[in-house]
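Sequences are here, hints too, so could you generate the full structure?
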Amino acid sequence: MASKTDRTYLESHEWHKVEGDLVVIGISQHAVDELSDITFIEYAKESGSISAGDTFGEIESVKATSELYCGIDGEVVEVNNELVDSPQTVNDDPWDAGWMIKVKPSNPDQVKSLLSAEDYDAKS
Amino acid sequence: MQRTAFYKFHADRGAKFVDFAGWEMPISFGSVIDEHNQVREKGGLFDVSHMGRFKLTGRHVRRLLERVLTRYITDMADKSCRYALICNEQGGVMDDVILYKFPSHYMLVVNASNREKIFNHLHQVAKDENMIAKIEDQTESTAMVALQGPKVMEKIGEFSREVPTLKRYTFCEKNLLILKMTISRTGYTGEDGVEVIMGSMMAEKAIKLLVKESPNAEENVMGSVGLAARDTLRLEAAMPLYGHELSETIDPLSAGLQFAVNLNKDEMDRGETFIGQDALKTILADGIKQKRVGIKFDGKRTPRQDMAVTVDGNKVGFVTSGCLSPTLGYPIAMAYVDVAQSEIGTKLAVDLGNGKHIDGEVVALPFYKKS
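Those protein sequences? They're chains A and B, same order as listed. Reminder that position 97 of the first sequence reads as 97 in the numbering used here, one-by-one numbering, no gaps. Reminder that position 192 of the second sequence reads as 192 in the numbering used here, one-by-one numbering, no gaps.
No lab work stands behind these hints, which were simulated from the structure alone. Just so you know, nobody snuck in bad clues.
With beta-carbon atoms standing in for the labels, derived distance ranges:
# : chain 1 : residue 1 : chain 2 : residue 2 : range
1 : A       : Ser116    : B       : Leu209    : 47 to 55 Å
2 : B       : Glu204    : A       : Glu78     : 46 to 54 Å
3 : B       : Thr249    : A       : Asp109    : 54 to 62 Å
4 : A       : Glu46     : B       : Asp137    : 52 to 60 Å
5 : A       : Glu46     : B       : Gly329    : 20 to 28 Å
6 : B       : Asp34     : A       : Glu46     : 26 to 34 Å
7 : B       : Gln258    : A       : Val77     : 55 to 63 Å
For each residue, glycine too, the CB sits at the ideal point set by N, CA and C.
In structure tokens:
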């Protein structure tokens, strides 16, 4: 299934979507399909500065434990704590209800430099 | 990569495949947790055709098996099965196996990853000790499925009245059309159920008749289950998996498998000294250093293979398998720990890396027992 074209991606499967002056980050359907049932999510921080390449949390599934990466510099302003209690939401709706963190970007154009949906799908 | 006779059957049901010991096997068909629960609540169909199946015949085959297997087998009744181990001279586990005793021959079911090794080992022992035995690898000419779950015997009863009367670890032979099937009351999930060996040519047809799948998915007792759920099911039931709880550097006594080891086999009627017996006697006399234990954890994180088990920050063992138990709702693991830390109730931790750990305590095995 083709990934959504309204956002950009990291090769490590995190999508980045611009919403107003924030960037929302989650993981792709492809990542979810690979991980299978997600059992645990933990955020590294709930606020404060973050840089491109930093991990913003850890995710566990029945198959593996993985780090979650942020693709941009900025400030974490919100995390989706509902996922902590029901990580299954990421399986059910990775593109929307399964969002993970919201970042106020230092440079609003930085997100455009990430992979397009087409380039991401070609790599994954 | 090799494919089993059920490859298309799985693909039609949405299987996601993975390479397992050179076989393209279904890892899951969607949600692993749903597959797991399906087996605990109703029934599941597992393709286990990748496991090695050897037919053993010949004048000295019984003696060869007594030499190679840790467990006494001479007293086996026809149409019964027995779990045993194959050890190296040092007492390390080369494989864990199930032996089927037919009136005219034996069948040995071995792990897929050890198939070639055990095949060669049997040949070597027979050759070195001048025993006449024919070992025929029937893995590819046959197929094998497991049907497991509380509703399975009732479902099979629609097809055969005899199968539900089988005792655990016995089997019968059934003819379905022109296909001969061996149906044993065995399994690897902690549930009741059977394992079925059949010729690979008509295997897909046979399984459709056996399961009588309804086009309405909700009416089906048996859902397809992949290797991932097979792993969480057997882990809850505390059954060892080769490459995790068992290896050539782990002995069966540390693994808690004394029931499958006859250390006095040479003194039994027509018994033999099995390979590894003397080493295991020494291990027992010197005292077992580490033991396989079950650990239950707080929280929701998953302990995984090779993570260190610690007490007060000191390493006392290592995890062999772990999961967030779908049935119990908390994380569980099997691990080897120093005997001093193996008592039930011992508090210990597992190191997740990055300075994080989860707290747990030793609990009795199995984690899950069917009601």
